[in-house]
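J.: Sequence:
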Amino acid sequence: MFTVLLSLYYKEAPQYLRQSLDSIFTQKLLADEVVLVKDGPLTEELNEIIVSYACRYPFLKIVSFSKNQGLGKALNEGLKHCSHDIVARMDTDDIAKPERFEKQLAVFKKHPDIDVVGAWIDEFENDISSVRSVRKLPEHQCDILTFAKRRNPINHPVVMFRKSAVLAAGGYQHFPLFEDYYLWIRMLINGAKFYNIQESLLYFRFSSEMFKRRGGWKYAMNEFRFQWMMRKLHFISILEFIQNVFVRFLTRIVPNFLREIMYKKLLR
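Just so you know, we're using this note's numbering here: the sequence shown kicks off at 42 and counts up by one.
None of these hints come from the bench; they were simulated from the model.
One thing to keep in mind: the hints can contain errors.
[Claimed, not checked] Taking lysine-lysine and the DSSO-like style, the derived pairs with C-alpha atoms no more than 27 angstroms apart in a straight line are:
1. 114 with 69
2. 144 with 52
3. 273 with 190
4. 204 with 114
5. 144 with 102
6. 204 with 150
7. 108 with 259
[What the hints assert, rightly or not] Each pair of labels, with its calculated beta carbon distance range:
8. 281 with 52: 32 to 40 angstroms
9. 217 with 151: 31 to 39 angstroms
10. 186 with 96: 42 to 50 angstroms
11. 86 with 274: 12 to 20 angstroms
Built from N, CA and C at the ideal position, the CB exists for glycine as well.
All chains should be built: construct the whole structure from the sequences, respecting the hints.
T.: Here you go:
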C-alpha cells in the first residue's frame with residue numbers, strides 16, 4: 042500500500058495537470074491514496090479539474106492552503122495526510138510511465154532496508170515523442186553518496202520513499218530551489234539507504250524557460266548558501282566546496298543558450 046503526493050499552484054497549465062493525473066490513475070499498479078496539496082488559491086479551471094477527478098476517484102484527498110507556502114512547506118503538510126509509509130512523489134506537469142509504481146514498489150519488497158527508490162527520467166519538450174535527453178543517476182548507495190557531493194543524486198519527480206525515513210531526517214525544510222537535494226543530504230547523513238532504478242520511469246517536462254530560471258545572481262547566491270550548508274554539515278570538504286561553487290557560479294552567470302548546452306551536453 043502506498044500514497045502519491047503532489048503539490049499544485051496557480052501557474053500550472055490545466056492540460057499538464059490532466060496529463061499528470063491521468064498517468065497516475067492509469068498505472069499498472071494503482072495507488073491506494075493520492076494526496077494533492079493546493080498551495081494557495083488556484084484558477085477556476087484548475088479547481089474544476091480537481092473536482093472532476095475527486096468525483097471519479099474517491100481515494101484522491103485534497104489539502105488546501107489559503108496562501109502560497111512554497112514547495113517544502115506544501116509537501117511537509119501533505120506528508121501529514123499520507124496514510125501509508127511508502128510515498129511516491131509526482132509533479133503536476135510530468136507524466137509517469139505505466140509501470141513506474143509497480144517497478145519501484147518491487148524494489149521495496151525485495152529490499153526492505155531501502156528507504157529511497159529513484160529512477161532515471163526522460164526530459165521532453167511539448168510532447169513525449171520528443172525526448173531531448175535522459176537524466177541518468179548512479180544505482181547503488183556508495184556511488185549515490187559520492188555523486189551527491191557534486192550533484193543532486195535523486196530525480197525528485199520520480200522518487201518513492203519511506204515517510205518514516207524522511208521524517209527521521211527532519212522532513213522537507215524551507216530552502217528555496219533546493220528542498221529535495223537538502224532532504225537527500227540529511228537522509229544520507231542520517232544513514233538512509235538509497236537506490237536508483239537504471240531505467241526511465243517518468244517523462245519530465247522542460248523548456249528553455251527552465252534554463253532561464255536556473256540562471257542569474259539570485260540562483261547563484263542560493264546555490265552558494267546550499268553549498269555552504271553542505272560544508273557546515275561536513276558532507277563535503279573545503280576543497281569540494283570551492284570546486285562546487287566555482288563550477289556552479291559559472292553555470293548560473295553564463296547566457297541562457299550556453300547554460301542550456303551545458304545542461305544537455307555536460308550534465309546529462
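J.: Against each hint, give a clear statement of whether it holds in the structure.
T.: Each hint, compared with the structure:
For a cut-off of 27 angstroms, the pair hint linking residue 114 to residue 69 is broken: about 31 angstroms separates their Cα positions. Straight-line distance between C-alpha atoms of residue 144 and residue 52 comes to about 31 angstroms, which puts the hinted pair past the 27 angstroms bound. Between residue 273 and residue 190 the CA atoms are separated by roughly 13 angstroms; this keeps the pair inside 27 angstroms, and the hint holds. Taking the CA atoms of residue 204 and residue 114, the gap is near 15 angstroms; set against the 27 angstroms cutoff, the hint holds.
For the hint linking residue 144 to residue 102, the alpha-carbon distance of about 24 angstroms falls within 27 angstroms, and the restraint holds. As the CA atoms of residue 204 and residue 150 are separated by approximately 16 angstroms, the hinted pair is consistent with the 27 angstroms bound. For the given pair, residue 108 sits about 23 angstroms from residue 259 by alpha-carbon distance, which is consistent with the 27 angstroms threshold. In this structure the hint that residue 281 and residue 52 lie 32 to 40 angstroms apart at CB holds, the actual value being about 35 angstroms.
The supplied range of 31 to 39 angstroms is met by residue 217 and residue 151, whose beta-carbon atoms lie about 36 angstroms from each other. About 45 angstroms separates the C-beta atoms of residue 186 and residue 96, a value consistent with the hinted range of 42 to 50 angstroms. Checked against the given bound of 12 to 20 angstroms, the beta carbons of residue 86 and residue 274, roughly 43 angstroms apart, lie outside it.
When the structure is compared with the earlier hints, violations turn up for hints 1, 2 and 11 and for no others.
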